[in-house]
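J.: Sequence:
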Amino acid sequence: NALVLLDDKTRKQMGRNANLLLKSKFSVDNAAETVLNILS
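Under my numbering, the final residue of the sequence shown carries the number 41; numbering is consecutive throughout.
Take the hints with a grain of salt, since some may be wrong.
[Claimed, not checked] Result set (DSS-like, lysine-lysine): computed pairs, CA atoms no more than 25 Å apart in a straight line:
#, residue 1, residue 2
1, Lys13, Lys26
2, Lys13, Lys24
3, Lys24, Lys10
By construction, these hints were calculated from the structure, which means they are not laboratory data.
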């Protein structure tokens, strides 16, 4: 619901969570590991 994003605290927490998710799923290390797993 878009109304949730009107709350600063919630919006900031969602941003932090999204940032952590991106760093964990799409890091260079993770990408390299995926490529190595595919090629081996």
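J.: If a hint holds in the structure, say so; if it doesn't, say that too.
T.: Now for the hints, and whether the structure bears them out:
no.: 1; hint: Lys13 with Lys26; result: holds, 20 Å
no.: 2; hint: Lys13 with Lys24; result: holds, 17 Å
no.: 3; hint: Lys24 with Lys10; result: holds, 21 Å
Hint check: no violations occur; every hint is consistent with the structure.
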